[in-house]
Amino acid sequence: MTLLERDPLSGLCPANRYGIYCELRERSPVYWSTVHSSWVLTRYADVSAVLRHPNALALDGAQFVESLSQRGKLNLASVAQLWSSISFFTRPPRHDAVRRILAQALGGIWRLNLPDLLKQRADRLLSEGEREGSIDLASGYGKLLALFVIGAALGVPEEDLLELSGVAGGMVSAFERILPSLRSLVKLDKSAAPLLDYFSRLIQLRRRSGADDGASLLVRLADQQLGCSDRELAGYCTFFFVAAEETTSAAISGAAHLILQRPALRAQLSGDLSLVPQAAREMLRLVSPVQYVWRQVGEDLRLEGQLIRAGEPLMLVLGAANRDPGVFRNPNDVDLERKGPESLVFAAGPYRCIGAQVAAFEVEVAMRALLAKPRIQLAPQPPVSSERMNIAPLLQLPAYFV
Amino acid sequence: MTTEERLWEWVRTHLAHVLGVPPESIAYQRALSSYGLDSVDAVLMAGELEEAFGIEIDPARFIDCDSFEDIVKTLAADIDKSGPHVAIS
Ligand code: HEM
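From first to last, the protein sequence lines are chains A and B.
Take the first sequence: its letter number 115 is residue 115 in the working numbering, and every next letter is one higher.
Take the second sequence: its letter number 3 is residue 1003 in the working numbering, and every next letter is one higher.
Hints may contain errors.
[What the hints assert, rightly or not] Computed, partial: chain B to chain A, Cβ under 8 Å:
1) 1036
2) 1040
3) 1046
4) 1047
5) 1060
6) 1064
[To be verified] Coverage of chain A stretches by chain B, computed from C-beta distances (three or more under 8 Å per stretch; other residues unrestricted):
7) 32-39
8) 65-72
9) 171-179
[As the list claims (entries may be wrong)] Label-pair ranges, simulated between beta-carbon atoms:
10) A/117 x B/1035: 52 to 60 Å
11) B/1035 x A/201: 44 to 52 Å
12) A/264 x B/1069: 54 to 62 Å
13) A/329 x B/1035: 44 to 52 Å
14) B/1077 x A/304: 33 to 41 Å
15) A/299 x B/1035: 23 to 31 Å
16) B/1077 x A/208: 54 to 62 Å
17) A/208 x B/1035: 48 to 56 Å
18) A/300 x B/1024: 53 to 61 Å
19) B/1033 x A/93: 26 to 34 Å
20) A/305 x B/1033: 19 to 27 Å
21) B/1038 x A/299: 17 to 25 Å
It is worth saying that the hints were derived from the structure and are not from the lab.
We put the CB at the ideal spot given by N, CA and C, even for glycine.
Build out the structure end to end from the sequences listed, making use of the hints.
See the structure below:
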């Protein structure tokens, strides 16, 4: 490990992240960050190796909140409930069981004729914008499409979605840092409570009068396979909502931004829509809606000559691995001919995103609908991004119709 | 008392209480981890310090600093810079 003068991660934000990753990847690919109290990995090979390491585990977030509440005599009941429902904070064998039912519940959405519904929704949003002359491709497109899908998956009535999303946004900041401040946890507890209440009510409604939707399916699966309480189930729904919304929203608006900035690429894709899936993969790689994830290894590990001791936390920077020039030549370009390994946008290994297929599909649908509107252009006002370090979607991406 | 002295006084009293030892036995030159305290303690202490001094503190700073002196000095500088609106009780 080379010693860098000051922790490059101290000023990390979406505007400067790629420069910082580059510096780390070249000079100190296995770097101990004082800002994050963890090792920071930025090379594709190292990140991939840890993700797939048989003895690499997610952090035990639930245990941490539990100890904090006990020792500090604090009431963090809602955060504790929610944390124990976050599947990537749980470990085997519980993790396998939770992951299975979440995946089965998600699989249910393909019965809903999702492809057609989503396409109709994307077309409708863009056509409304066309009539009005302008559209915000972040708040009025990416975000609404992401909400539409997760709403359909969970059986949340459409009129509730935006309000839920407002509250859920507070949860995402919990993934910024390995050590949350007490202040942020107390705040989180306040936003977790109404989400859990909402989904508890939804579950009780579905129990009384089952519907053919995701919540009903989740209730049935959980009763058969997990035997958990309705409050726990509400935790899984909340986590699902949080995991799916801002990530997909970031992916769609990020992809829209990349396409509209590149007229030649746009023309090429419009001329041959069969290139869209490969383009979507490239967009996802470049946007990397989840910039980093955390792990611990259960045994000592040597990476790039550096010894990592068992139990030390690792921050795996997916966003840096996905632009590693050693693996992705000209990493900042959209390359429709790119061969080689999959990007790590959905992580890999035992905690790999179960929504990956759905999310990639959403991006493709959103791109096709956008390509069908040749008159749409980016507005002169610059886009506005969230200031978060990890999951930081565009908040505004103003566009207009010429 | 300077801000630095007040902060150190607070940290020392707090730790003495958590560890059940006399405040004099907590040394300025040592680190949190050398007293066997972990990340949960760091988050709790940072949280209480925030309330007492009206500042924002990243708990990671306690985990990773080499001595209390390091962090107390930085925090004191932050507080003095941020001026009179900071309530020091
Ligand atoms: C572009 C959009 C998305 C991205 C970039 C993304 C990324 C990720 C990543 C990186 C992880 C691993 C977390 C870790 O290892 O700590 C993950 C896990 C997960 N994601 Fe996604 N995700 C997306 C969309 C979705 C959607 C749409 C859903 C559900 C409808 C979803 C559900 C989940 C779940 C349940 C997990 C936990 C898996 C486990 O614990 O085994 N994600 N996602």
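These are the hints, each one checked on the structure:
| no. | hint | in the structure |
| --- | --- | --- |
| 1 | 1036 | violated (13 Å) |
| 2 | 1040 | holds (5 Å) |
| 3 | 1046 | holds (6 Å) |
| 4 | 1047 | holds (3 Å) |
| 5 | 1060 | holds (4 Å) |
| 6 | 1064 | holds (4 Å) |
| 7 | 32-39 | holds (count 4) |
| 8 | 65-72 | holds (count 4) |
| 9 | 171-179 | holds (count 3) |
| 10 | A/117 x B/1035: 52 to 60 Å | holds (58 Å) |
| 11 | B/1035 x A/201: 44 to 52 Å | holds (46 Å) |
| 12 | A/264 x B/1069: 54 to 62 Å | holds (58 Å) |
| 13 | A/329 x B/1035: 44 to 52 Å | holds (50 Å) |
| 14 | B/1077 x A/304: 33 to 41 Å | holds (35 Å) |
| 15 | A/299 x B/1035: 23 to 31 Å | holds (27 Å) |
| 16 | B/1077 x A/208: 54 to 62 Å | holds (60 Å) |
| 17 | A/208 x B/1035: 48 to 56 Å | holds (54 Å) |
| 18 | A/300 x B/1024: 53 to 61 Å | violated (38 Å) |
| 19 | B/1033 x A/93: 26 to 34 Å | holds (32 Å) |
| 20 | A/305 x B/1033: 19 to 27 Å | holds (25 Å) |
| 21 | B/1038 x A/299: 17 to 25 Å | holds (20 Å) |
Hints 1, 18 from the list above are not met by this structure, while the remaining hints are.
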